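Since chain A is already given, all that's left is putting chain B on it; use the hints.
These protein sequence lines are chains A and B, in that order.
Take the first sequence: its position 192, counting from 1, is numbered 192 in our numbering, and each next residue is one higher.
Throughout, our numbering is defined as the position within the second sequence, counted from one, plus 1000.
Derived from the structure by calculation, the hints contain no laboratory data.
Heads up, some of the hints might be wrong.
What the hints assert, rightly or not - Label pairs and their in silico Cβ distance ranges: (1) A/R203 <-> B/E1036: 30 to 38 Å; (2) A/R203 <-> B/P1141: 18 to 26 Å; (3) B/P1048 <-> A/P243: 55 to 63 Å; (4) B/L1550 <-> A/V329: 51 to 59 Å.
Since this is a predicted model, take the numbers as computed values, not measurements.
Ideal Cβ placement from N, Cα and C applies to all residues, glycine included.
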Amino acid sequence: MSTPTFTRRALVGAALATPAIWGTNAVAQIRRGDELTVGVWGGAQERILREFVSGPMESQYGVRINYVLGGTVERRARAYAERGRPSFDVIYLNIFESRQAVRDGVTQPPTPEVPNFANLYPSARIGGYGVAYNPITVVYDRRKVAAPMTSWRDFWREDLRGKVIWPSYPGAQGTAALLMSAKVWGGDENNIDPAFANIARLRPFAGIQSSQDQLFTMFDQEIGAASVEFGSFTRMYAESRNPNIEIANPVEGQAIALNVACITVGTTKQALAQEWVNRHLSPECQRAYAERIYYSPTIRNLELPPELAAKLIIGEQAVASLVDFDWDVVIRNQPRWASRFTREIAG
Amino acid sequence: MIRPGWAAALAAPYAAWMMVAFAAPLGAVLLMSVQESPEPFAPLSWTPDWINYQEIAGDAFLRRVIVNTVLLGLGVTAASAILAYPIALWLTRLPARWRPWGFALILVPLLTNVVVRSLGIILLLSPAGVVSGIVQALGFPRPNLLFGWFAVGLALVQVFLPYMVLALYDVLEAQEKRLTEAAQGLGAGPATTFLKVTLPLSLPGLRAGLVVVFLLSSTAYVSATLVGGRQVWVSAMVVFREGLDNLNFPLASAMATVMLVLSVLVTLLIGRAIALAMPWAHGRRRRAPLLPAAAARTLFAAAEAVRPVLSPLLFGLGTALLLFPLLLVVVASVNDTPQATVAAFHGFTWRWYGLILDNPRYLGDAWISLQLAVATVLAGLLISLPAAFVLVRGTFRAKEALGAAFLLPLALPGIAVGLGMLRLLQWFTAVPAFLGILAVHVVLVAPFMLVFLRASVAGLDRTLEEAAQGLGATRRQVLMHVILPQLAPGIAVACILGFLISFGEVTVTAFLTTARLQTLPVRIYAEATFSLENTVNAISTLTILLTIALLLLLNRFVPLDRAWKR
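Just chain A, with the same shape it has in the complex:
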């Protein structure tokens, strides 16, 4: 059992001081034979990273990139357990986890020493380096609703009674659904009661989903009509196997979700880690994200063909329209809201 001997403030201070040790030209510090350990999701993401980030880096610098594949929760739990003495150099987290990890002294805040940092939209510059917007929105089966869904309030329409598949909380989709419900019913993250009261009114649900695979199975089986899900994955699902599914663009906006690259506090490969992040933010890599898995770019300097751009969040205005929240409040309340969710909504 280890007790951290550093105080939290000292650790954050160390994190902030680290780049100064390395000087301004981070790339100069990369040595042949260095190894970088990256904790990331598998599947298409791993393939894109190998093609556009680790492959070129390995051949250019003679370094070795190690992948540790896994889900966000295990990765985060491990990074917390190893605070200050990380086995990872770079880890990937979701939006609120990344901001909390910086505050907890587990990962470093972003630095402009990463050249592509300059191209990031403001909301991708907090808690690390946002590498992809993957907003969450209303998705529905057009055959099962009386009229297209254009607002988060439409879940409460008469024609959707008993047909809503609600996302479980906590989780990215469940968090977005809860916070957007609060917003459209006159509350916000500091006044969550309207959300719980109104979501409870939607019962009985056609189902509760805790993953996209589960939701898509439910759509296949025509178990329900509408839910809250990542637009990107739902678009891939709609295009490959269920053309009846629509991805709505609600008037209140889509809820922000962001994959964030985070450099750990205490890494011994600072320069290499920054180079990794820089390449992840390169237009080539961001283009592959957009083309292959409909992730929206977090950098401004990327031109995409109009038919692809129409399916994504592109440009200053569109990015600014994503609904953001005070994630400090959200994360602090998560245990309480999770237990309310089980008792009042689905338990």
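Same frame as chain A, but now just chain B:
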């Protein structure tokens, strides 16, 4: 009988391994459970604080979750036992050369991905699904079976039924066939023979099956998450939510500890009940019959009357449940659609196999998993076989308690073992990666092997050993020529199961993989957290083929039956 000195020596390797590799994470969990502050970086306090236990005791929701979890475990265990008997009996009657295939059939659910299996359950139970159709065809109203306790129970029975079948297989296979012939010669019908001869003699195997299935089903949470639709909350889900989503280790640890204690109690009760049901094994007199003779006669007559319908029905239900995932997986592995969980066929493709076979990383991870599983089984066998002899033939008083202590790793939810290991990560990473994961895998696998081997050892025919010794055989000769040949099928079954558990383990391993060492299931899991692609079904199909090949190979060297008995 084994003298206490010998017993200690034989049990020592198992005990030592558990002390090294399990006591540490268990200790971490126990210590975390008495911490007051839920903050992840709060300094460790050595003064116990019971606030987390008080919170659980004072929370009606958590209390209900715990009770429901135990009830679910009991229900799943009972259902598995009922469905397993016809299948295990069928397996013992299968000609020797077909037995590897019979085993492969039973093991299908263990070889398929849990997400794909749960898709099968959803297809079965959805309003437009098979079961709903049958119920409506019989004139009943459309049932609402999906997303609830029934669906979770069915999903758990599906995956734990193989354990029960295997636990029963060895004791049924070892049974003296002439006893049933004698019973029938004395006028007993098939149902009476089963109830009065086969069932009582199979109780040691049943005990193994009940214990394993109960412990597994009361600590499972993935199926409950996938097909419970959040109507179903089980204890391990709470451990996961508090420990990983909320980073509240103390509450998660306390919840895991409560489950651990309850599981041990139920295990002891099962052992006690089975012991009461077989007084002859302890040299006690028969109890007075439970029912008056006339009532018993009516009951047996009723059993004989329903048997011709009930027995094939249960067999059909059981095998259908086991085989259904096979159909899904094989079809999906050549389905031309990117997501793994698709019910409709979109066209034929070999693409998913190509993706695996072209990708050295899948093969590399599979190779690591294979090495790990083989090493785990060998180490597990070496420590659990002597321990099984101690638990059966030891004469010391604390035997039952020791047996329960040896099963503790099964009673602690895997997710809690993972949380415990996280606390020890700095020490763990100092150990060579393969050795570290091997140590943990043996902890997860050896208790299973112990439970199964214990039943096999209990079924040994002692008169054969005495006869051999009477004829001048040395201890070694008795072991090599009398004991081990009798145990061969039991050892084979324990090894198959141990291999599959290690080869498929992901809950704990996901916390422990490093850049140097990644197993195949962890890779699949990591891919599934992004989007479950059809490669997972191609991998399952290949694993099923590999298992059949291994079983055929195994059958050549270690017979799965006792040929000399015929």
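Against the structure, the hints:
{"no.": "1", "hint": "A/R203 <-> B/E1036: 30 to 38 Å", "verdict": "37 Å, holds"}
{"no.": "2", "hint": "A/R203 <-> B/P1141: 18 to 26 Å", "verdict": "21 Å, holds"}
{"no.": "3", "hint": "B/P1048 <-> A/P243: 55 to 63 Å", "verdict": "60 Å, holds"}
{"no.": "4", "hint": "B/L1550 <-> A/V329: 51 to 59 Å", "verdict": "54 Å, holds"}
Going down the numbered hints, you'll see the structure goes against none, and every one checks out.
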